[in-house]
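These protein sequences, in sequence, are chains L and W.
Quick note on numbering: the first sequence equals residues 1 to 198 in this note's numbering.
Quick note on numbering: the second sequence equals residues 1 to 198 in this note's numbering.
Derived from the structure by calculation, the hints contain no laboratory data.
Check each hint, because a few of them may be wrong.
Note that identical chains are pooled: a pair holds if it fits in a single copy or bridges any two copies.
[Stated by the list, open to error] With a Cα cut of at most 25 Å, we get these calculated DSS-like pairs of lysine-lysine:
| # | residue 1 | residue 2 |
| --- | --- | --- |
| 1 | K124 | K22 |
| 2 | K88 | K124 |
| 3 | K22 | K54 |
| 4 | K88 | K22 |
Just so we're clear, the structure is a prediction, and the values are computed from it rather than from any experiment.
2 protein chains.
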Amino acid sequence: MYEGVVQDLIDELGRLPGVGPKSAQRIAFHLLQAEPVDVRRLADVLIEVKARVKFCSTCFNVSEDERCRICRDERRDPSVLCVVEEYKDVVAIERTREFRGRYHVLGGAISPIDGIGPDQLHVKELMPRLADGTVTEVILATDPNLEGEATATYLTRLLLPMGLRVTRLASGLPVGGDLEYADEVTLGRAFAGRRSAE
Amino acid sequence: MYEGVVQDLIDELGRLPGVGPKSAQRIAFHLLQAEPVDVRRLADVLIEVKARVKFCSTCFNVSEDERCRICRDERRDPSVLCVVEEYKDVVAIERTREFRGRYHVLGGAISPIDGIGPDQLHVKELMPRLADGTVTEVILATDPNLEGEATATYLTRLLLPMGLRVTRLASGLPVGGDLEYADEVTLGRAFAGRRSAE
Numbered sequence: 001m002y003e004g005v006v007q008d009l010i011d012e013l014g015r016l017p018g019v020g021p022k023s024a025q026r027i028a029f030h031l032l033q034a035e036p037v038d039v040r041r042l043a044d045v046l047i048e049v050k051a052r053v054k055f056c057s058t059c060f061n062v063s064e065d066e067r068c069r070i071c072r073d074e075r076r077d078p079s080v081l082c083v084v085e086e087y088k089d090v091v092a093i094e095r096t097r098e099f100r101g102r103y104h105v106l107g108g109a110i111s112p113i114d115g116i117g118p119d120q121l122h123v124k125e126l127m128p129r130l131a132d133g134t135v136t137e138v139i140l141a142t143d144p145n146l147e148g149e150a151t152a153t154y155l156t157r158l159l160l161p162m163g164l165r166v167t168r169l170a171s172g173l174p175v176g177g178d179l180e181y182a183d184e185v186t187l188g189r190a191f192a193g194r195r196s197a198e
Numbered sequence: 001m002y003e004g005v006v007q008d009l010i011d012e013l014g015r016l017p018g019v020g021p022k023s024a025q026r027i028a029f030h031l032l033q034a035e036p037v038d039v040r041r042l043a044d045v046l047i048e049v050k051a052r053v054k055f056c057s058t059c060f061n062v063s064e065d066e067r068c069r070i071c072r073d074e075r076r077d078p079s080v081l082c083v084v085e086e087y088k089d090v091v092a093i094e095r096t097r098e099f100r101g102r103y104h105v106l107g108g109a110i111s112p113i114d115g116i117g118p119d120q121l122h123v124k125e126l127m128p129r130l131a132d133g134t135v136t137e138v139i140l141a142t143d144p145n146l147e148g149e150a151t152a153t154y155l156t157r158l159l160l161p162m163g164l165r166v167t168r169l170a171s172g173l174p175v176g177g178d179l180e181y182a183d184e185v186t187l188g189r190a191f192a193g194r195r196s197a198e
């Protein structure tokens with residue numbers, strides 16, 4: 001219905017996650033009226049991101065080099081490895097400044113419904129990293145949902161026989177939240193995981 | 001927090017209408033994992049759309065030439081001019097195949113709250129198009145909302161003294177809808193605009 005190249009743009013935008021046909025149209029019309037230099041900047045950064053961003057050959061974190069900043073950083077504790085689903089989880093954990101070990105990014109979580117099993121994740125690349133005995137603890141920091149729990153359970157069964165300490169992030173009440181608004185499962189876990197008051 | 005160019009991409013995406021910080025992140029991560037050729041295609045179409053798409057010098061419709069397809073089409077009725085807010089309204093009306101005249105795209109609607117008055121719209125370019133007497137009817141097809149109504153009222157006052165026939169699109173029940181779900185204003189207008197049964 002639209003002039004050729006406008007329709008092409010709407011089609012391309014509509015392929016992005018969370019962008020439906022109406023949003024794609026809205027973004028396209030915005031871009032039609034935007035300054036050419038602004039649209040050019042978006043196009044350039046798209047090209048640049050694909051040219052420059054790779055995945056770390058060791059941990060599969062996003063990296064502009066063969067190995068990522070964290071894997072190259074000699075000050076990081078090599079004995080603790082934190083297994084996460086995605087790059088954005090690395091960023092979230094780094095933001096806390098609580099963790100000084102290294103990461104392993106699985107690239108997703110086990111989800112039979114989406115056809116994702118351990119073979120589709122970077123599980124096989126995790127094993128050689130644990131072979132030489134440097135890593136003594138693996139923290140399974142998968143998402144606290146069905147797929148994340150399944151992934152953590154799978155990895156626990158795989159790693160425990162290797163004599164490693166395998167840990168999970170604590171479940172409980174989110175800080176700053178209201179107890180009465182916590183869902184039953186979270187509140188139940190907060191009870192189960194209660195600690196002695198200091 | 002993210003690697004330089006990834007953050008740049010998130011920032012650029014976050015400037016698009018309707019794309020919040022979380023959506024921008026989600027789209028960015030999708031693009032990080034997408035095939036380079038797919039991302040390249042999006043970048044190319046962005047550049048192409050700005051290079052090729054102009055606005056018609058007569059009616060301000062989107063066009064790949066100096067004058068748009070509709071203005072160039074000799075079979076279109078030059079005596080009826082349909083005034084719309086945006087390019088997408090032209091597309092919507094063309095889809096009905098009910099209208100065979102020409103268009104004038106205002107580029108928006110009067111909205112004092114957003115600082116948009118007649119001077120920010122293509123109103124002054126409308127006047128010369130009505131000067132030679134070819135156009136005998138102007139259809140005001142602005143949106144049926146506050147800004148659209150204000151714009152239509154403004155244009156009516158401007159055009160009526162010129163001796164033109166000035167019309168508005170009919171208000172009433174949407175076809176395929178349920179009467180009981182129509183809002184009061186729409187239902188009221190449907191009554192006010194009732195016609196003899198054939």
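Comparing the hints with the structure gives:
1. K124 with K22: neither (41 Å within a copy, 31 Å between copies)
2. K88 with K124: within (21 Å within a copy, 51 Å between copies)
3. K22 with K54: between (32 Å within a copy, 22 Å between copies)
4. K88 with K22: between (28 Å within a copy, 11 Å between copies)
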